[in-house]
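Hey, can you piece these two chains together into the complex? The hints should help.
Heads up: the sequence lines are chains W and F, in that order. Note that the numbering used here has the first sequence beginning at 1371, numbered continuously upward. Note that the numbering used here has the second sequence beginning at 139, numbered continuously upward.
Simulated from the structure, these hints should not be mistaken for lab results. Cβ coordinates follow ideal geometry from the N, Cα and C atoms, glycine included. Just so you know, not all the hints are guaranteed correct.
[What the hints assert, rightly or not] Using 30 Å as the maximum straight-line C-alpha spacing, the simulated DSBU-like pairs for lysine-lysine come out as follows:
no.: 1; chain 1: W; residue 1: K1779; chain 2: F; residue 2: K289
no.: 2; chain 1: F; residue 1: K200; chain 2: W; residue 2: K1782
no.: 3; chain 1: W; residue 1: K1782; chain 2: F; residue 2: K289
no.: 4; chain 1: W; residue 1: K1431; chain 2: W; residue 2: K1529
no.: 5; chain 1: W; residue 1: K1404; chain 2: W; residue 2: K1458
no.: 6; chain 1: W; residue 1: K1431; chain 2: W; residue 2: K1498
no.: 7; chain 1: F; residue 1: K289; chain 2: W; residue 2: K1639
no.: 8; chain 1: W; residue 1: K1531; chain 2: W; residue 2: K1420
no.: 9; chain 1: W; residue 1: K1779; chain 2: W; residue 2: K1705
no.: 10; chain 1: F; residue 1: K145; chain 2: F; residue 2: K354
no.: 11; chain 1: F; residue 1: K300; chain 2: F; residue 2: K145
no.: 12; chain 1: W; residue 1: K1831; chain 2: W; residue 2: K1884
no.: 13; chain 1: W; residue 1: K1779; chain 2: F; residue 2: K300
no.: 14; chain 1: F; residue 1: K232; chain 2: W; residue 2: K1831
no.: 15; chain 1: W; residue 1: K1458; chain 2: W; residue 2: K1400
no.: 16; chain 1: F; residue 1: K300; chain 2: W; residue 2: K1772
no.: 17; chain 1: W; residue 1: K1842; chain 2: F; residue 2: K200
no.: 18; chain 1: F; residue 1: K223; chain 2: W; residue 2: K1779
no.: 19; chain 1: W; residue 1: K1647; chain 2: W; residue 2: K1842
no.: 20; chain 1: W; residue 1: K1885; chain 2: W; residue 2: K1566
no.: 21; chain 1: W; residue 1: K1626; chain 2: W; residue 2: K1704
no.: 22; chain 1: W; residue 1: K1498; chain 2: W; residue 2: K1417
no.: 23; chain 1: W; residue 1: K1626; chain 2: W; residue 2: K1566
no.: 24; chain 1: F; residue 1: K354; chain 2: W; residue 2: K1831
no.: 25; chain 1: F; residue 1: K354; chain 2: F; residue 2: K414
no.: 26; chain 1: F; residue 1: K329; chain 2: F; residue 2: K300
no.: 27; chain 1: F; residue 1: K303; chain 2: W; residue 2: K1779
no.: 28; chain 1: W; residue 1: K1782; chain 2: F; residue 2: K303
no.: 29; chain 1: W; residue 1: K1772; chain 2: F; residue 2: K303
no.: 30; chain 1: W; residue 1: K1782; chain 2: F; residue 2: K145
no.: 31; chain 1: W; residue 1: K1553; chain 2: W; residue 2: K1630
no.: 32; chain 1: W; residue 1: K1842; chain 2: F; residue 2: K223
no.: 33; chain 1: F; residue 1: K429; chain 2: F; residue 2: K414
no.: 34; chain 1: W; residue 1: K1782; chain 2: F; residue 2: K223
no.: 35; chain 1: F; residue 1: K429; chain 2: W; residue 2: K1779
no.: 36; chain 1: W; residue 1: K1831; chain 2: F; residue 2: K200
[What the hints assert, rightly or not] Non-contacting residues of chain F with respect to chain W, defined by C-beta distances greater than 10 Å in every case (computed):
no.: 37; residue: S214
no.: 38; residue: P280
no.: 39; residue: S362
no.: 40; residue: I460
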Amino acid sequence: MDSRYKLFKSKIGNSRKVNNLNHNIMEERKDFLKEERQQEWRSELRKSIKAKERTDIPRVKMLEQDPFERAKNSAEVNQGLTEDMAFKEARRCLDCADPTCISGCPVGINIPKFIKRIESGDILEAAKVLKETNALPAVCGRVCPQEVQCEINCFYVQKLKKDPVAIGFLERFAADYERNSGKMSVPEVLERNGVKVGIIGSGPSGLAVAGDMIKWGYDVTVFEALHEIGGVLKYGIPEFRLPNEVVDVEIDNLRKMGVKFEINFIVGKTATVDDLKADGFEVFFVGSGAGLPNFMNIPGENYTGIFSSNEYLTRVNLMNAADEEYDTPVFSGKKVAVIGGGNTAMDSVRTSKRLGADNSMIIYRRSIEEMPARVEEVHHAQEEGIEFMNLNSPLEYFADDKGRVRSMKLQKMRLGEPDSSGRRRPIPIEGSEYMVDVDTVIVAIGVSPNPLIPSSMPELKMSDWGTIIVNKETMESSIPGVFAGGDIVRGGATVILAMGDGRKAAAGMHEYLKKNVLKK
Amino acid sequence: MADLTTKYLGLTLRNPIIVGSSGLTDSIDNILELERAGAGAVVLKSLFEEQILIETEANLRKAYENDMIYSAKSESLDYIDLHIKEETLGHYIKLIGEVKSKAVIPVIASINCVSSVEWTSFARRVENAGADALELNIALFPSDMSADNEKTENIYFDIVSKILKQVTIPVALKIGPYFTNLAGMINRLSKTGINGLVLFNRFYSPDFDINTLTEKSANTLSNSAEATNILRWIAIMSGKVNCDLCATTGIHDGQGVIKQILAGATTVQVVSTLYKNGIGILNEIADELNKWMDDKGYNNIQQFRGMMSQGESTNPSAYERIQFMKYFSEIR
Chain W
1371 MDSRYKLFKS KIGNSRKVNN LNHNIMEERK DFLKEERQQE WRSELRKSIK AKERTDIPRV
1431 KMLEQDPFER AKNSAEVNQG LTEDMAFKEA RRCLDCADPT CISGCPVGIN IPKFIKRIES
1491 GDILEAAKVL KETNALPAVC GRVCPQEVQC EINCFYVQKL KKDPVAIGFL ERFAADYERN
1551 SGKMSVPEVL ERNGVKVGII GSGPSGLAVA GDMIKWGYDV TVFEALHEIG GVLKYGIPEF
1611 RLPNEVVDVE IDNLRKMGVK FEINFIVGKT ATVDDLKADG FEVFFVGSGA GLPNFMNIPG
1671 ENYTGIFSSN EYLTRVNLMN AADEEYDTPV FSGKKVAVIG GGNTAMDSVR TSKRLGADNS
1731 MIIYRRSIEE MPARVEEVHH AQEEGIEFMN LNSPLEYFAD DKGRVRSMKL QKMRLGEPDS
1791 SGRRRPIPIE GSEYMVDVDT VIVAIGVSPN PLIPSSMPEL KMSDWGTIIV NKETMESSIP
1851 GVFAGGDIVR GGATVILAMG DGRKAAAGMH EYLKKNVLKK
Chain F
139 MADLTTKYLG LTLRNPIIVG SSGLTDSIDN ILELERAGAG AVVLKSLFEE QILIETEANL
199 RKAYENDMIY SAKSESLDYI DLHIKEETLG HYIKLIGEVK SKAVIPVIAS INCVSSVEWT
259 SFARRVENAG ADALELNIAL FPSDMSADNE KTENIYFDIV SKILKQVTIP VALKIGPYFT
319 NLAGMINRLS KTGINGLVLF NRFYSPDFDI NTLTEKSANT LSNSAEATNI LRWIAIMSGK
379 VNCDLCATTG IHDGQGVIKQ ILAGATTVQV VSTLYKNGIG ILNEIADELN KWMDDKGYNN
439 IQQFRGMMSQ GESTNPSAYE RIQFMKYFSE IR
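With the rest of the complex left out, here is chain F (with noise of 0.2 Å):
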């Protein structure tokens, strides 16, 4: 049996398998299962900054409605939206106490914020609940048209800047694909002090039904075909980079998390093949990778991770190529 243990944000991991997060790592029963299961840490479900507005807004409608809870003249009413803030934050500092008392492996908080203003002085109370880590999940859409790009990308520096200034646990960022520059952009973020980069942030995905004519959420779930983007600029920063990397989206099975570690990435996230597949493929994924360093000769993860990317490349503009001249004139 080859040693999995890897080090990722300076914890200890017992293999690179990290469960993302989703509703599967909302409850202290899921996140012991999960452990069980073989899962090498856990990044709970995030809280996002959005939905706590949209809670707080029907929250405050009910109140509104009800004339049973409170009166207009309520101090409780006027600051309702703190107040509702602090319940659900309050929930997830309790699972984070309630996880860390029973669990073994790693517990990386998540936080989805899109401003600095909010969350700082959360961090901190997340550091003080018993987080080993905190994954930060900034994700600004790429849609305001009269937005300055300067501007737009200070955000993400800023809200680093000041999540760093609040917490000694370590931090990583969770980002999307969606920049003018994204290697210079991704190297200039694992400067900042974070211990860790996650590539890429997968976002929802709208349709509409062309007979009902209302909107739908697609592709709910990711496919292995997702993974390659990744495995791109995994194997593209790999090495290049002040921090850990970790790979997320697509990867389904033991074969995706090889060539994931291949490209250099330090571990892999994994939550649409346990929806569509079970948890117990968490085992399979463990095995199989076990499996292939048996076959290869490894005995533990560093002697292979990074073996493909970019920098031992043989044939580095390959991970550059954008377009398929080639291929395609073969076609007839």
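In isolation and in its complexed conformation, chain W is listed as follows (with noise of 0.2 Å):
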């Protein structure tokens, strides 16, 4: 198992913690998850192969693109597996009494159920049970860290000590498999009732919030202040680890379902909350996410050539500025240095090596083992040639006479006791400065959530974190009828622990909704 795995255990369970205040809801779920599982085509399934013949097949590798080759393109890394890896991988899976896996799901995936779809051949039903409660699986399927999550709640991991079911590579497989087979199925939605919900901001969230609303009937409006929709997802991810065009295609779908999308508004400017309300908007759901970047606030860090991992990305990812002729095309460095160790390091230094640089390097002042990002991207970047300076932070940027940068002192770290993350404390060594020549840095330690929804709402609540202090259990803030989730209430959380705030607050804006307004 990871040594990781267990670093992130505390917070998983605080994760169990929270699907816990939704007891009655999983209750309920609970016992359908029980009729289901006695299905006679699961019990005929289960019974057709020994479970040691089923753990005695080893877990699929995903098909990648060459390190070599994939470093020159924007093309995806992750190919998808075959058909056959996919049938092979399903039976694995032995639809345990007690599926752990969905408690580690923060959307409750029915996952042995679109597993076992998979493994009798009928991938297209299978993608049905994933959007059932997941409107954005094939995105899921990519970039959820399904290793600390579900995966790591299997059954072989928990009991057999082995490789876990390769749950995320399955529901890509669902997801992709029915896109491609032009046979989408669009979820059933109720008749309309004309209540109408407004969500701020098209991300992970905010469509997850979408995809429950329209299906009880509401009218939706998501509000985008950019003009794509999809927010992190499309700003925040490279075209290599999720192509827009798979965001497009489970936004399209929700669009289907009736969901209306506002691109250009910026809820607090374009229309602030009360005037929406003077529009007739019921309830609102606040999913405007963490937008702003934070630095080190180290000298130099003015400099040209300097960027955050939010500009950075936004610009290649949605403003074409990895195209020269483009009207704002972004410095393509040689000699580029990311600070950090998340995924978004991740996606920059990778981006920056597409981008043609010769040493694109990660400097982070821990460990490789204490790295946020996930194992998986690691691998890949290490795979493209990324240089790892670990045990690294820098301390001054230099500048050429135009301002632009030219190298960077960098001090050298040791790992001193844990902190109260378990994680051991990064101290910096006195006299181990050095100079790094770098032409352009990108700065990924983490973003503050964005300011301007709570600044046009004085009464809202917010905490120390500068995050909107909701219920748990409803997610509504402290003003009725104003729901939020994702990075807004989190500061920095994942795509799908901000998919489960957008379900949770979906039911909760639900019964508010039942109780204040269909009521009447």
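Printed below as a string of structure tokens:
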């Protein structure tokens, strides 16, 4: 088992606690899952192969583009599973009586059911199962950290100490299969009830709310500040990890279900929540994300050529900045340093390689074991020739006479005693400073919540972290009828946690509307 | 009325009475009140390196306990110590800006550091925010039995040297009295390029309750008897150092201020007396100084500063006497 699994165990325990808050829903769901498992087709399928035979099958390996080739193009690195590979992997799933994997999924996908649908050869049906609870299965199959969510809770890991069933790979397979088949199913929706629901932000949490609310018959409008729908899925995650086309197809599906999208619409500027209320919106979900980049505030950080990862990735992913002929091309550095050790850092450094850097470096103050990035992303980056300069931290940047960054002073670090997170604290080594030449620096050390919406709603209760305080069970804020989730509540989270918030908020909004609007 | 104007660290103060770094100097409202009450300058509440570390740890724990704040995969959480520190420093920088925009008296920022690693770049931000000067509070308690004497002393020089490279505003250094050769150390430090030395830091005093067997702090506020050791060292070092001397600890009234100036102090810092007597005491101290100068016929402070220093004394050995042989031998 990867050592990082253990490291994040405490957090996983916490997310379970959150799930427990929806106790009643979970109990009902448990009974439902039990009934489903007892259906004849699943019982037959279970009996068709002995458990020992299933557990003897080794975990499938994802097909990938050749590292040398892919570092020069923006096509997707992971190529997906073939049908044969997917069938074989689906046979590994034991269809457990107590499907612990589901407890690790923030949106509660019926994991054994969709995998058994794949095993039985009914892949379109598998995709339908995914869409029962997940508005963006092709996205989640690509970017969720399954290794610390559903897969770590798999029976194989928990009891057999073996590699888990490749749930993420199978999710992606089913969603891609459906998309490529041209037979995309559109989930059923209830008859429109005319109640207007406003969703602020079209990122993963907002889209998850939209997916559930539209199914329940509401008149759903998503307001997006940018010119593209998808939020962080579009501007933050590069094409080689999550093609925009995949996101667009899933958004299109929401459109087919009846969700309306308003782009270039900044709630708080274009119109306030009060304006929208006057337009008949009864309830709101704030999923405006955490778009404010953090910097280290060290000398020279304002020199030209030093970007936040937000700016760098948004310009490349959303504004064609990789194209020199375009209006606002991004400078394509040859010596690129990316500060940070998370997924955004990996996305940035790998993007820089694809834009032609000779040397793309990760500068991270802890060791590689402490990096918060997914194991897979670190592995891919290493394969692509990214240089990992662990236990280093920048102290200062230096520029040429035009103010363009040309070098940085790094300081070596050592690991001290563990802090409250259980991770060893990085301690600077005095006198270890040295210079490294760079022409581009990308700072990827996290983001803060976007203050625009909260500042336009002064009565909204905020935490010390600048996040919106919500009721954990309903996701309702201090203002009745205003719900929130995702990064504006969490400060920084994964796509799937944001979607989990969205689903929980949708349930809370539904209850609120039943009590306050539909009853009248 | 005598002229109380004083030059300290190259800054012009309306009088030599500075309110030292404390809880009284941590907000714009307090500082404006101190200005109205007659303070010559203020030293902002220290930013403690150690305190920021503790705060970071507490916030980190809070973030991990609150499952709604951050996820384990979040880069923000990964760098949360940096963000918390940045927020704390950001508040401090904001305070300097606010005070500078509203107060007329000089504002001296204060940094309490134990190493040279973290603070040097922050000093530049303090300068950019508009602070008139910087007081470095270096507090290394000599309790490490394995510590090398020379290395320990070098930490002071190392910090000072790095800070001086970062800023152009005047820098004062506040130290404690625990050195093997205090006079030599003060003299060497005064030649580093700093503009002032603040003598001495008053350390937290641990104590415990014999009934509950729990630790507590003792003597949170100073008393005027504590000023005598300061008086001795100001008197000894006056005229022998390359920078201003500021006296602090145990100075509670006008008489205390007059004594330190007579010994050679350029300025004094007061805190405990403000907690004990209210900030109105600032005016009383200035009045007492004024009255004494009038009575003695002094028009300005220069006329009597250092008059009772060791160098000017007719009995210089009195300042170096450490035993009370005669005094006690007479007690029957």
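TODO: Please work out if K1431(W) and K1529(W) have their alpha carbons no farther apart than 30 Å.
DONE: With a Cα-Cα distance of about 22 Å, the restraint between K1431(W) and K1529(W) holds, given a limit of 30 Å.
TODO: Take a quick look at whether K1779(W) and K300(F) sit within 30 Å of each other, Cα to Cα.
DONE: 15 Å, holds
Open item on the list: Check the hint pairing K1782(W) with K223(F) against an upper bound of 30 Å on the C-alpha distance.
Closed with: OK: K1782(W) and K223(F) at ~20 Å, within 30 Å.
Open item on the list: Check whether the Cα positions of K232(F) and K1831(W) lie no farther apart than 30 Å.
Closed with: Holds. K232(F) to K1831(W) sits at ~23 Å (cutoff 30 Å).
Open item on the list: Against the 30 Å threshold, does the CA-CA distance of K1782(W) and K303(F) hold or violate the hint?
Closed with: 21 Å, holds
Open item on the list: Checking a non-interface call: every C-beta of chain W should be farther than 10 Å from the C-beta of I460(F). Is that right?
Closed with: Given that every Cβ of chain W is farther than 10 Å from that of I460(F), nearest at about 37 Å, it holds.
TODO: Would you mind confirming whether the straight-line C-alpha gap from K1498(W) to K1417(W) stays at or under 30 Å?
DONE: Distance of about 24 Å is within 30 Å: holds.
- [ ] With a cut-off of 30 Å on the C-alpha distance, tell me whether K200(F) and K1782(W) pass.
- [x] This hinted pair holds, its Cα atoms lying about 29 Å apart.
Open item on the list: K1842(W) and K223(F) were given as a pair; does the straight-line alpha-carbon distance stay at or below 30 Å?
Closed with: 28 Å, holds
Open item on the list: Checking one constraint from the list: CA of K303(F) to CA of K1779(W), max 30 Å. Satisfied?
Closed with: Since the Cα atoms of K303(F) and K1779(W) sit roughly 16 Å apart, the hinted pair holds (cutoff 30 Å).
- [ ] Mind checking the alpha carbons of K429(F) and K414(F) for me, to see if they're no more than 30 Å apart?
- [x] Judged against 30 Å, a Cα distance of about 23 Å means the pair holds.
Task: S362(F) and chain W, when compared Cβ to Cβ, separated by more than 10 Å - done: 41 Å, holds
Violated hints for the displayed structure, listed by number in ascending order: 7, 10, 21, 24, 30, 35 and 37.
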